[in-house]
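S.K.: So the protein sequences, as listed, match chains G and D. When the letters of the first sequence are read in order and numbered with the numbering used here, they come out as residues 1 to 598. When the letters of the second sequence are read in order and numbered with the numbering used here, they come out as residues 1001 to 1341.
The hints are simulated quantities; they were obtained by calculation from the structure and are not laboratory data. The C-beta atom is built at its ideal place from N, Cα and C for all residues, glycine as well. Certain hints may be false.
In silico DSS-like pairs for lysine-lysine, Cα to Cα no more than 27 Å straight-line [what the hints assert, rightly or not]:
(1) K1155/D - K170/G
(2) K579/G - K597/G
(3) K378/G - K1267/D
(4) K323/G - K1155/D
(5) K1239/D - K170/G
(6) K1236/D - K323/G
(7) K400/G - K1173/D
(8) K1330/D - K107/G
(9) K170/G - K1236/D
(10) K1109/D - K1158/D
(11) K323/G - K1267/D
(12) K400/G - K1267/D
Some chain G residues near chain D, calculated using beta-carbon distances under 10 Å [as the list claims (entries may be wrong)]:
(13) M117
(14) W126
(15) Y130
(16) W140
(17) E143
(18) R145
(19) F149
(20) E159
(21) G163
(22) Q388
(23) K389
(24) A392
(25) R397
(26) Y582
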Amino acid sequence: MGLVGAMKRSSVILCLILFPALFGVSQGQSSFEQRRLRLIDVISGERDKGFFTVTAKFLAGKDKEFALQMLDSLTTDESIGGMFYSYAAIGCYLTLHDQLPDSLNRKIRQAFRDRTMYRGDTENHWVMYYTGIYLAAQTWPNEDRSQWFNGKSSEENFEEAEGWLNQWIKITSTTGQGEFDSPTYFITFITPVLTLYEFAKDPVMKRKAQMMADLIFADFAVEHLKGNYCGGHSRDYPEDIINPLAAPAALWAWLYFGEPKLELWQETRFRPRHRGGWETVIGAISSYRLPDIIFQIATDRSKPYVHTETKRVRNVIRFGLEKNPPVFKYTYMTSHYALGSLQGGILQPIQQHTWDVTYVSDKPNNTIFTLHPFYSGKELAMFFPEEQKFLADEVDRYHKIYTNPNKWNSSSPYEQTFQHRNAIVILYSIGKDAMHPHIDGFFPKNLDERVEDTSGWIFCRAGATYVAFYPLKPYQWIEEDVNWRWRSKELKNGVVVEVGSLDEDGSFEQFKQRITKGKPEFKGFDKKLTVQYETRSGHHMKFTFNGERILNGKQVKLTDYRFFNGPFLQGDRRSGVIKMTYKDKVRALDFNTVSIKE
Amino acid sequence: MIPITVTTILLSLAFLVGEWLSLSGLDSKKQGGDQPSFYAAVFLNRGHVSGGASSNIGLFRREVGDTTWRNIYHPNLFTFGIGFWQRGSTSRYYIAGGNGLHRSTDGGKSWRILTSWQTEEILSVALDPIDSSILYIATPFGVFKSTNEGKRWEKKMKGMEKWYVQQIIIDGKNHRTLYAVAEDDLYRSRDAGDQWVALGVGVPGILTVLQHPVDPSVLIVGTEDDGVRVSDDGGKTWKAGRGLPRTAFYALRSSPDGRTHYAGGYKSGLWKSGDMGGTWSLVWLAPEVEAILSIFVYPGNSQHLIIGTNGQGVYESLDGGRSWTNTGLKGAHVKQIELYP
């Protein structure tokens, strides 16, 4: 490589490192530059084999020889392939190809010819796969079918990938993600979207990628509290559900929202193990800049607010009446805690997290929730084409805990919720043939207080957050490593939860006094499955399992939920327009015209 | 789950191959020579993780007489079914898989995906025996048909209530008559897929269908919880196959002469019937085999049976099922086994 090449190469690196500094960034985000450089530095010191660490090492000018060895291994081992490989490989190539030896550049190219880029079977797989194919076909145009693993020409691959990405952008901006609001799978959406934004040559696709990144971050921001992705999630791993800051999304919150302040990779209490491949480096090197309004939405918790939104169930292939039934999501956010929920039922297989209260704490395991640990082959067969008789066992082989009675993530057809602000009623009507006929609750051991009151309420305090928990039926406590497992074995069951805080209630004693003035009314529950409850704020909630949700005498129709509705984010289903508002600022994403208005 | 995806064609083909083998003096015990090979569709392997390093899934080939299965296409490709079409010197191999419908026109050296993103996983392929340009695929979102060998696809669901279609086969006597295994019933089309009519098997959860290779009015289906159901009048009436356990039956196969039928499923063992599916007797039950997903009967030697399992690979018997040997693909879920040139 000659002098010109070397200069060009250096310019690229310099731009990547300094480019954002050329732009004015808001006061609130000024430390972003430090965080992203810090992240590149940290990741460049990692030894994990992956395209992201290779990229970081080159950009930081660290361990280049080792990085080359890693890249050689990644491009030589033909047993590796698929959606994760596809977009990461082409992203690495597009970032570094001027610096890589021709032999390695050729190997990356050959990977798209010689190995299976399996596209997967779910939304996040397809986003990664088609982003990879789109960029690869764009990078190597006019190549015939023999040059691609799938026997399609560059143009055919580009057309297919563009078609899929366009329809995904459309459905996501009008009816929502299927794998929505996942603290773990967040990375599998935002990383390819940022890669697409960085390298798509088509200005329309580039703009769409920018808008999708805005949407994904804004969707996170409204349910974000100090690094925690709060409320209900389509999918999450149990270790992240019981320890929210352990989730990969927290590192993206650190990078873009500046919260939590901790360098999570150094905090074993929050991040006991590293998972993923340091995808966050893509954010650190991207020219994408988070709009200041999203930063403000993510971090201003000066006023409590209610945010509702609708998503979609992932593709139902059988045993359903709709391909993508709606998901209704409710979140109440304060500066101390968030209480959030999905409506219940089977909205996602395997990893659903239906409701929780997540609170700000400097301790791990900062959450309380309940669930019914459901599993069935038929549930899985709704979403996967394999044989339902042994699907559960197959899933257990990969996810390890699917059939476990003690698991901390689960959808269940026997669980439904009704939330109003900081109060929630969760009802269970567990089928007699259910494999695990009990419900469990997660209570961290490190709560400052956990008191069983004679009134029937269980009161918890974690710093400035107070939780009142009323079980309808008898229960037991089981001591575990980091938590107390609350377990109740009644099939017709439920809990009522109210959450408060120092700001809302004064002292913990005052909170308890307010709560114990009332308690749920559930006479004849086993027949009617109805609970009535008047919150300490005087709101009357009446909820019947498989029946109505009534608030202050008026039926709450979930179907009335808008696509996004809250002080910060608004939009109507199928409109294709999502508006962010913060004080006097407005940013509207119009996916119909592929335009951003401020 | 799908023992025979292009049943009629393949059975006809297998029968012809069997006849050819018999006439030419070749049988399953002969070694070497210009023989056809076994092909196995492997859609999963225990230990596989999506996006992770491959663990032997895809299309595998084993020469007759050999003991080693070889992956002949990219590893890491979920393969639900396979198909083969031949006329004269023109041949087509097909893979119905997670990435789409693949076709090879050069004996498996190179492959091309014929479908696009609109058709997710391809669970089964059926090939018009007369016109190589006509293809049918079964997918979780319906039946699709191409009349130009995969250049364009048209959804063909008129008359169907549910969208999940697991298998599609072509009638052995009339290539415009199709059978589709859908979520709610077995459907038939008499106009090459334009219109479908439910046959009313009467039990939920139809998993697979087999048409008798000689008498097309005999249809046998495997069900999720009710063993197999049999019709001897072209689907007008159905009765339960006697003697079978009430479990899922994923695999059905006829001997090429149609005299014997085999069935296997979930914790069922291998069963056979000598009376068109009316009564069944147990051939083999092994505790280590949780489920039988595919069955193959060697043409020209009906004592030579091969079964594909979920996670235990392939088992083979040369004595009509009295004794069995595991012959490879350990860990694999083998959806379909065929003998192709």
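S.K.: Just to be careful, I want the Cα atoms of K323/G and K1155/D compared with a cutoff of 27 Å; is the pair within it?
M.R.: 16 Å, holds
S.K.: Hey, K400/G versus K1173/D, does the alpha-carbon distance stay inside 27 Å?
M.R.: 48 Å, violated
S.K.: Given the hint that K1109/D pairs with K1158/D, does the C-alpha gap stay at or below 27 Å?
M.R.: Roughly 37 Å between the alpha carbons, so the hint for K1109/D and K1158/D is violated.
S.K.: Does K1267/D sit within 27 Å of K378/G, going by the straight-line distance between their CA atoms?
M.R.: Answer holds: K378/G to K1267/D is near 18 Å, not above 27 Å.
S.K.: So, as I understand it, the hint says Y130/G touches chain D; can you test that by seeing if any CB pair is closer than 10 Å?
M.R.: With a closest approach of 7 Å, the Y130/G hint holds.
S.K.: K389/G was flagged as interface toward chain D. Is the shortest Cβ-Cβ separation under 10 Å?
M.R.: Since chain D brings a Cβ to about 4 Å from K389/G, closer than 10 Å, the hint holds.
S.K.: Assess, step by step, whether the Cα of K1155/D is no farther than 27 Å from the Cα of K170/G, and give holds or violated.
M.R.: 22 Å, holds
S.K.: Could you check if E159/G really has its C-beta closer than 10 Å to a C-beta on chain D?
M.R.: Holds, about 8 Å.
S.K.: Next pair to validate is K323/G with K1267/D; report whether the Cα-Cα distance is within 27 Å.
M.R.: Violated, at about 32 Å.
S.K.: Verify the proposed pairing of K400/G with K1267/D, using a straight-line Cα cut of 27 Å.
M.R.: 23 Å, holds
S.K.: With a cut-off of 10 Å on the beta carbons, see whether Y582/G makes it to chain D.
M.R.: 37 Å, violated
S.K.: Does the closest beta carbon of chain D sit nearer than 10 Å to the beta carbon of M117/G?
M.R.: 8 Å, holds
Consistency with the previously given hints fails for numbers 5, 6, 7, 8, 9, 10, 11, 16, 17, 24, 26, ordered from lowest to highest.
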